[in-house]
Every structure is written in C-alpha cells, then in structure tokens.
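Residue numbers (the numbering used here), protein chains in the order written: chain H, 1 to 391; chain V, 1 to 391.
Possibly wrong hints are sitting among the right ones.
Each pair may be met inside one copy or between any two copies, as identical chains are not told apart.
Stated by the list, open to error - Calculated cross-link-like contacts (lysine-lysine; reagent style BS3-like; alpha-carbon spacing at most 30 Å):
1. K375 with K312
2. K381 with K117
3. K181 with K218
4. K375 with K168
FYI, nobody ran anything at the bench for these hints, they're computed from the structure.
Protein chains: 2
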Amino acid sequence: MDIRIKSGFFMAIFMLKISNRSNPMIAITRPTLLLNEKQCKTNIQRMANKAKRLNVQLVPHFKTHQSAEIGEWFKASGVESITVSSVKMAEFFAKSGWKDITIAFPFNMHEIPAVNKMLEQNITLTLFIVNSEVIHRLNETLIAPVNLFLEMDAGYGRSGVSTENMDKVKELVERINTGAKTKLYGLYCHPGNTYQTNSVDEIKGIWAEVIQKLTGVKTALGAVGESLKIRIGDTPGCSVVEEIQGVDEIGPGNYVFYDLVMNYLDVCNESDIAVAVACPVVAKNEGRNEIIIHGGAVHFSKDHLFDANEEKFFGEVVILEEDGWSPIVEGIKLVSISQEHGVLMANSAIFEAIEVGDILGILPIHSCLTANLMKSYTTFKGQEIKHMESL
Amino acid sequence: MDIRIKSGFFMAIFMLKISNRSNPMIAITRPTLLLNEKQCKTNIQRMANKAKRLNVQLVPHFKTHQSAEIGEWFKASGVESITVSSVKMAEFFAKSGWKDITIAFPFNMHEIPAVNKMLEQNITLTLFIVNSEVIHRLNETLIAPVNLFLEMDAGYGRSGVSTENMDKVKELVERINTGAKTKLYGLYCHPGNTYQTNSVDEIKGIWAEVIQKLTGVKTALGAVGESLKIRIGDTPGCSVVEEIQGVDEIGPGNYVFYDLVMNYLDVCNESDIAVAVACPVVAKNEGRNEIIIHGGAVHFSKDHLFDANEEKFFGEVVILEEDGWSPIVEGIKLVSISQEHGVLMANSAIFEAIEVGDILGILPIHSCLTANLMKSYTTFKGQEIKHMESL
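When you get a sec, could you build the whole thing from the sequences and use the hints?
This is the structure we're talking about:
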C-alpha cells in the first residue's frame, strides 16, 4: 500500500470494502442526489438561531434548494418570509403557500403580468430596483402596491446602484416615493466578493465595509432613510460575521446544503455539507489510475476549484454509508467532466480498492447548480423530495 | 459613435432600434431557448447527405437535442438508428418509437434491469464495453442478446480501451464471443481531442490517425475482426473530414444545433448555429458599460471560450428578428455569469443603443448543456418543443 496516504485512509478503504457493495436502504442505479436531511435541518436551525441571537430577521434565499418540501423545514424553524432569484421561482413558492416573497434580481419589466397575478392572490412582494424606467413602468401597470429594495453595489461590481452614487440613489428614492404603487422598503446588498476571499477575516472585512457604506447611504438620505431596512445576502458573511450592528435582515441561501466552495472558504465544516451525488463506477483505466463514473456536467454543472497544487477539480469523493458518508477520501479527486462522464484520478492504493460497479459519493463544488441539474433529492430513508424543476 | 466598430455594425444597431422592441410573433418575458427550425433541419439533412455521399451509415447522437419531436426530423431524413448517452435517454427514445439504440457510455451494470425492460419491448440495443466484469454480468443476467461495441481510445484519453493494448482487446473479444447474450458488433471511438484543435487540418489529422489505429486493431484481430463495424463519433470530424476509408458508421450529435465552440473550431459557419437564448435586459451600469441580463449558469451552464485577447467569455450577442437573428454583434460579449445573472460588456455605442427591457439573443458556447438546462425550445412560430428533461 502507498505509504503517502493519510491516517484514517485504511479505515476508509475498509468501509469501502464492507459498505459500498452491500445493500443500502436505497438501491442506487444512476446518478442520484443524496440529501442528509438531519444535517440540512441542523444547518437551517443553526442560521435561525444565529439570526435570533443577533436580533436580525432571517429571510432565507430559496434558490439553492428550490423545493416546496424543504421550504417547510424552514417554516418549522420560524421563517415566514423568503427570498427567490426569479419570478418563476416566486410563482412556485407562492403556490406552495408562502405569502411574503422577495425577488432578489433586478426586476425584469416583462414579468409585470406574472407579478400582478401574484398580487391578486394577496402575496406580499418585494422587488429589486436599480433603474428609474422600471419604477415608472411599475406605477403605470401594477394592480396593487409592491415593496422595493434599492439594490446596492458596495464593491462587488455585479448589479446594483453604487453606494458612491448618491445622486442616482436620491433620484430613485424620489421616484419610488412619488409613485402610488411603489413603496420603498430598504437597501439590499449581495456582497458576492466574499466568495473570492482567502480567509474568514477577509469576509468580515468586506462585511464591515458593506455595513458602513449602507448605513452611510441611509444617513445621507436623511428622514427618508430612517425607516429603511438594511438586508445583506451572502452565505459566507451570514455564516461567519458576528458584528452586524446596523443590519436589520439577512438573506443567505447556500447554507441549507453548503458545498465545497463554502468549505474551502472556511465558512462551513466539511461535515456541514448536506448533499452528495451518488455516482456508479463504470470503468477503470489501469496505468493512468483513472476511474470513470457516470456523473458529468449534466449532474454537477462545470464549477470547479483549484487544489493546493493549482490543479483544477470538480468534486471530492466520499464513501457512502447507510445514513451518511465518510470524510473526504484523500488521494482521489474528480479531475475532469464532460456531458455524462466524470474522470477521477486516484493514487494506486485507492485505485485498487475501487471496483467497477461501486457507487461513490461526490461532494459538489456548487450545491445550487448541482441541485438545479439533479432536480430531485433522495433522503437516506429512500424518500424522494422534488425540486421545482422536476415539476 | 465609436469609430473602432466594424462595418455592418451600424446596420446592426439600426436593426436593434427597429426590431427588438417591436412585436415579434413570440412574446418573450423570460429566458427562452429559441430554435431556428429551418436551420436545424438543414443541419440534419446536410449530415444525412454527407453520410450518403461517403457511403457510411449515420447513427446520430441524440444527447444534444434530447427531444422526441426533433427526433422525428431525423427520421424524415432517413435515420433509423440512433445514439444516446445514458440508459435514461434510451428509455425516453424507446418510448418515442425508436427501435435501434446505441448507448454510447461505458455500460453501468446497475442498469441491467432497465436494459431488460427495453429488450422485452424488442428494442435492438448496442452497449459499450471497456471491461470484462461487465461482459460476465451481462451474460449472467440479460434476458436477450445485445450488440456490443468495444469502446476504443485512440489518443483522446477519456474512456475506452487503448488501441495499443491488444492483449486487453483480445481478452474482451474472446469473452464477448463466448457469451450467449453478448454479440460483438464493432469498434467505437469518440476522438474528443478534436475539440481541442486549432485548425480543420488538425481535426483531419486526428481522424486519419484514429482510422489507422482502429483498422489496425481490426486487422490484428484476424478473422474475428473482419465483420466488425468501425464507428466514429465527434461532430468536428464528422463535419469536416472527407477521407473516411475504413469507417462504416458515424455518430455525431452536436451538429443538429452547432454552437460557438464549433464555430471557433471552424467546423461550422456562424449562420449554421440553430439555437439562441433570448434574454431580457434588466439593468445597465453606466461608467462600466455593463449590461445585466436575465440569463446565467442555470440557462447556459458554465462553459466558456477565450477571445483573441485571452479574455474568458460565456456567449455572443445577436439581435433577434422575426424569423432569425443577426450576425454576431461585434463590440459586446457575455463576460460573466452567476446563477441567474449574466453580465455583458459593451463598447460605448452599443451600450447606448441597448435599453432596459430589450430582449437580446445569446449564442451559447455549448448547445448540449444549454438545451439540457433550458428544457424546451420555442420556434419562430411560437411553437414549444419539449426536451426530455421537461417531461
């Protein structure tokens, strides 16, 4: 055996030998998205507890799970208001019984008929505004009032009005306040630059700056600004930041499952990751120590990370157990994917231990995109949980 | 106006002004995958003609479109046998009436029950073999015989038995031939390395080598090899290679739509691309010349190309017309995507010409993954064509 392998590895191989080919409660034949229901509920409850402790309202983002049933688990933890990333997703969760929905995407004016249908059903909707044309159109065509967040860009640089651009902020605020159908609710910021950090301190630094800039905008708006709510959205910050004076609401989403990106950012423990894709081993390439699995871009998307040697990879391997999975197995990685194929590169000992026909677990780089592609979840009890894309 | 803009651009802007905000036959409100039915049928017929001219059988790969209805267009061009990339896809097309299906993926032995169900319905199935365990299992558990392709690796390095490894080839052939349920059909090669080339000549060179290696394997097998069919699968080669002496069958898929990857490889003209995603413009960032569209990783996946300046991009912009779209607009590109957001970077003239509320067309980098995510097609007549993932 390869002596470079880390301790714990022998146990892992042993587990592979005994458990992987035995008969689990779920008979897996194809790529299957496994959901650790217990861990998922722990993640949901932990963020709910944190929001309570810090005295902010949690308005979780449902773009990660997109599931009516998982939505109910949030409801059980006290959540009443939710965030989504498209009008289509708002329609889905409105049908699932949610009455207070924020659509966290610069509002697309072609969606006004769909918004009016939800307003007819007395759904409270909060939309994102970044430009005056849309405010005008909303006031012309909505059948009932909506809340508006000014989406603010505090340095991330994707969408939103720059916090530096007070002229535009004031212009938008005035237009909103003079419209009968548009009610200014607050300032929203998704500091997605926390995804590009190298340490938790850096994430905290970004949040400190974002909070300072948002409260600065609020102050600069004078009396109009006083009642505005400040909401910040990213999972990295919501998971690790404790200093949130000035923030009223948080809207993270990914924490429901977490994933390897979050683990690499030190935002979650590896054991917090609540989803893994079970993939059948279909071939082994002796000589190259490569293992081919059924599991590719149509299951994982093409997000990747770089390991310590700057090598790109698309997922980590875990050994499936009856009610969970092992820690990440060292010495094997998902190194390339095409439409349906995944190629794992392994050291010799691991290569030898894996057989054609084994089912391996793969922790995803980005759980939101993986869930969106897999379109349903299977719990350890074999229960299938639907994703909105499968309906 | 910016004088660096290419000729033809003024016309493009003009078209943008006149057509884009007028009333097309399809009212687009959300990201919508437009299908140019006429071009798609031209692509289908052109490959059928080429196969006829070169006297090879065309067994098209359906992993790109995954649509029962588009499948019928192939049938109209004379196609009777098809290729798919998963057992799930085989089940779908068997239900859609196809009777002769190759599953072009190293066979996953957990799928034997699903294969037996299709055999019960008298579907002729051809599977991929790369290892002896699977041959043994097939012979033990199949209810009727299947054809087998030995998947060969002639240098691409993903899956398949190396053409250099005649010992393994012979071992597999012998095992297949001694089994009652396994009938050796031929040698299959997907030379995916044609996707990494810089010229059509390089693609032709790869094919020449692949053909030489496959015919070499056939010869080395002696009498057993004589009846074996040689099939090669990639769209780049099938589109541009004319010298195919020794090849019996071709199995390309992507050519049904083509995409920017194929255009960059000089394998198709830009005008051959038969799909574009219509995306609403939701915001403009003055100062940065950035335009935000609703169109992100859940619509395009995350495939990208690099432009002449080595800048990564995720799609090209076209102007939508009533029954087609313009050539690619120079001076604007889809430069970044997140889950639902797309960010276009434009030169000043184009930036000014585009308004919030416009619907832009985006040519995808990789049409297979885009179609898999969008899950339905809309023709210029407003007809919706289903993808198997929407059923």
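At most 30 Å between C-alpha atoms: does K375 with K312 qualify within a copy, between copies, both, or neither? Both: 26 Å inside a copy, 29 Å across copies.
At most 30 Å between C-alpha atoms: does K181 with K218 qualify within a copy, between copies, both, or neither? within (22 Å within a copy, 75 Å between copies)
Copy assignment of K381 with K117, given that the CA separation must stay at most 30 Å: Answer is between: at 26 Å across copies they meet the 30 Å cutoff, but 38 Å inside does not.
Up to 30 Å between alpha-carbons, please classify K375 paired with K168: within, between, both or neither. So K375 and K168 fail the 30 Å test inside a copy (40 Å) and across (39 Å) alike.
In the structure shown, a violation is registered for the earlier hint numbered 4 alone.
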